[in-house]
Each structure stands twice: as structure tokens, then as C-alpha cells.
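Those protein sequences? They're chains C and U, same order as listed.
Heads up, the first sequence is in my numbering, so the first residue is 16 and it goes up one at a time.
Heads up, the second sequence is in my numbering, so the first residue is 16 and it goes up one at a time.
Take these hints with a grain of salt, some might be off.
Identical copies carry no separate label here, and so any pair may be met within one copy or between two of them.
Subject to a maximum C-alpha distance of 25 Å in a straight line, what follows is the list of computed SDA-like cross-link-like pairs (lysine to any residue) [stated by the list, open to error]: (1) 85 x 100; (2) 62 x 80; (3) 77 x 96; (4) 77 x 53; (5) 62 x 37; (6) 62 x 22; (7) 82 x 22; (8) 92 x 81; (9) 77 x 93; (10) 82 x 37; (11) 92 x 37; (12) 85 x 21; (13) 92 x 22.
Simulated from the structure, these hints should not be mistaken for lab results.
Number of protein chains: 2
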Amino acid sequence: MTAPLDSIFAALADPTRRTILAMLLEDDMAVTDVAEPFEMSLAAISKHLSVLERAGLIAQEKRGRLKWCKLEPAALKAPSVWMQGFGQFDPVNLDDFERFLAAEIKFQSSDAEQEGS
Amino acid sequence: MTAPLDSIFAALADPTRRTILAMLLEDDMAVTDVAEPFEMSLAAISKHLSVLERAGLIAQEKRGRLKWCKLEPAALKAPSVWMQGFGQFDPVNLDDFERFLAAEIKFQSSDAEQEGS
DNA sequence: ATGTTATTCAACCTTTTGGTTGAGGGTATG
DNA sequence: CATACCCTCAACCAAAAGGTTGAATAACAT
Numbered sequence: 016m017t018a019p020l021d022s023i024f025a026a027l028a029d030p031t032r033r034t035i036l037a038m039l040l041e042d043d044m045a046v047t048d049v050a051e052p053f054e055m056s057l058a059a060i061s062k063h064l065s066v067l068e069r070a071g072l073i074a075q076e077k078r079g080r081l082k083w084c085k086l087e088p089a090a091l092k093a094p095s096v097w098m099q100g101f102g103q104f105d106p107v108n109l110d111d112f113e114r115f116l117a118a119e120i121k122f123q124s125s126d127a128e129q130e131g132s
Numbered sequence: 016m017t018a019p020l021d022s023i024f025a026a027l028a029d030p031t032r033r034t035i036l037a038m039l040l041e042d043d044m045a046v047t048d049v050a051e052p053f054e055m056s057l058a059a060i061s062k063h064l065s066v067l068e069r070a071g072l073i074a075q076e077k078r079g080r081l082k083w084c085k086l087e088p089a090a091l092k093a094p095s096v097w098m099q100g101f102g103q104f105d106p107v108n109l110d111d112f113e114r115f116l117a118a119e120i121k122f123q124s125s126d127a128e129q130e131g132s
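Can you make the complete structure from the sequences, with help from the hints?
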């Protein structure tokens, strides 16, 4: 059921995909809206999304003509457990996380909007 | 100084490399001893080790004609922080980790020995 | 000096990855 | 109906990843 560590870590290794995950942290989004801030084709983003889905990191649900993407944070539990076995870190510092997001997300709260319902 | 998340996650995406990390969790090892349990060439393992080193996950130090590899667990802090930002998990359960290791390590405490000192 | 062990380098090969474009299938909407 | 929008598929491409082999380098042993 849970995807193997291989595909999860591989999915996380791409900066575009990590940025997508960060975007989805704020809200569910449709494919076109996910693609908007990036400078690559929609088809490329579509591929990235299916990599993320195969890794179990997101779920996609089609409603009408939109396909909604939502984060599946539970998928991160397995790799998180794996990693923490190697070094016991302090209780996670969320400020560190914010710094990561700031550094990685290029589009600064751009004009990507999504339609209600 | 700390390697970018790209290279860390990419390094972790390969099962051979994760197994190597698990081996080094028990003890520092020389390259040939690391390679012993695997069915691939020494050169291939050497490449894997340099991927791990570029990712900051291990350090290699040459002493005499042996090159010792040791874990650099601090390198996992960055990706760990990143991941935990997505889902707050329970304090890590070390039993889960043991299960991962058991599942991943194929060679069951095989005849890989390393020289003292 | 010669040989043996430890490790990497260089060249090569195949498969995977990340991107492109153009066509096409659904699903609204005028 | 016709048309526009949302998304994926298929074919293609270049570059990177993961492996091989054989030669090269470095250090110890005889």
C-alpha cells in the first residue's frame, strides 16, 4: 500500500516536485494552477504530478473537468522514520522548515489563483 | 556546506546506498568490506560511495591503503526537517526503524568482516 | 624489485529521467 | 452545434544514472 522508499525519495529529489508539494501544503490545487508558476510545459507538470502520485505523496481526484491534487502527508512517515533512525535530532524546529520553504519556492505568492468549488 | 536536498534525496533513493548506510550504522568500514555483500563490482560500489559522500551522508578518510567510510548522520537533519514540515508525526518509533532495516538488508549478518584498528 | 591488495579512473553501454511538441479525449459553455 | 478549456498520451530527444570491464595509481609485503 505505502509506496517503497525508492520511489518516495526519488520523487523528493526533484526541486520542481518539492515546490509543488509546498504549494499543496497551502491548499488543494487543480493541475493547470499547479503548473502556472513554472516555466515548463503543462505536460511536464502533469508528469511530475504522476510521479508524486505513484510515490503516494499526493492524491488526484477528477471533479468535472478539473483534476484536484491534494497532499498525502502520511506518505512521508515511512521515510521520516527511516531517516530518524540514523541520527536522533532535536524535536523538529518549525522555523527551520519555514526557511527551507522560503529558499525553495521561487514564485513569491504569485498570481496563481484557483477557482472555488 | 550542507549538501542540497536534491543530492541528499537522490542519494537516498537507491536501495544499495540505503543498505550501505545501514551497514555503516554498525561500524565504520573500508571500501572493499562495504562491497563484499553486494553482487556488483567494486567500481560500482566505489561510485555509490562517492554519491553518498557528495551528498554529505558519509565521510571517507584514507589511512594507509584503506579508505574508511563513516556515517555522517548530521546530513540527514536537513531533509528530516523538510519532511516533518509536511506532517507532524508521533515521536519516532524506533521499532519501526528496526523493521525497515530488517526488510532492506538482504545479507543477513553475513561473513563481511573488517580488520581491527 | 616484485608482487599483491586497495581503490579509482576512463571508456563504454543501457535504461531512466526530465523535458519538448502535437494530437486527442473529456467536459463545460456560448 | 461549435468552441474553448483541462489534462493526458505518444513520440521523440538529450542528459544523467547505474552498471560493466580493463588499465592506472598507491601502499604494503616478500
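The hints, checked one at a time:
For the homomeric pair residue 85 and residue 100, the shortest alpha-carbon distance between copies (16 Å) is at most 25 Å, but the shortest distance inside one copy (28 Å) is not. Proximity of residue 62 to residue 80 under the C-alpha cut-off of 25 Å is restricted to the intra-copy arrangement: shortest distance 18 Å within a copy versus 47 Å between copies. Within a single copy, residue 77 and residue 96 get their C-alpha atoms no closer than 32 Å, and across copies no closer than 32 Å, so neither meets the 25 Å cut-off. Taking the shortest alpha-carbon separations for residue 77 and residue 53, only the intra-copy value of 22 Å comes in at or below 25 Å, while the best inter-copy value is 44 Å.
Only within a single protomer do residue 62 and residue 37 lie at most 25 Å apart by alpha-carbon distance; the minimum there is 17 Å, versus 32 Å between protomers. In this homomeric assembly, residue 62 and residue 22 come within 25 Å of each other (Cα to Cα) both inside a single copy, at 14 Å, and across copies, at 21 Å. Taking the shortest Cα distances, residue 82 and residue 22 sit within 25 Å of each other inside one copy (22 Å), while across copies they are farther apart (31 Å). In this homomeric assembly, residue 92 and residue 81 never come within 25 Å of each other (Cα to Cα): the closest approach is 29 Å inside a single copy and 37 Å across copies.
Taking the shortest alpha-carbon separations for residue 77 and residue 93, neither the intra-copy value of 27 Å nor the inter-copy value of 34 Å comes in at or below 25 Å. Taking the shortest Cα distances, residue 82 and residue 37 sit within 25 Å of each other inside one copy (18 Å), while across copies they are farther apart (40 Å). Taking the closest pair of Cα atoms, residue 92 and residue 37 come within 25 Å of each other both inside a single copy (16 Å) and across two copies (18 Å). Proximity of residue 85 to residue 21 under the C-alpha cut-off of 25 Å is found in both arrangements, the shortest distances being 21 Å within a copy and 23 Å between copies.
Taking the shortest alpha-carbon separations for residue 92 and residue 22, both the intra-copy value of 14 Å and the inter-copy value of 20 Å come in at or below 25 Å.
Checked against the numbered hints given earlier, this structure breaks hints 3, 8 and 9; the rest are met.
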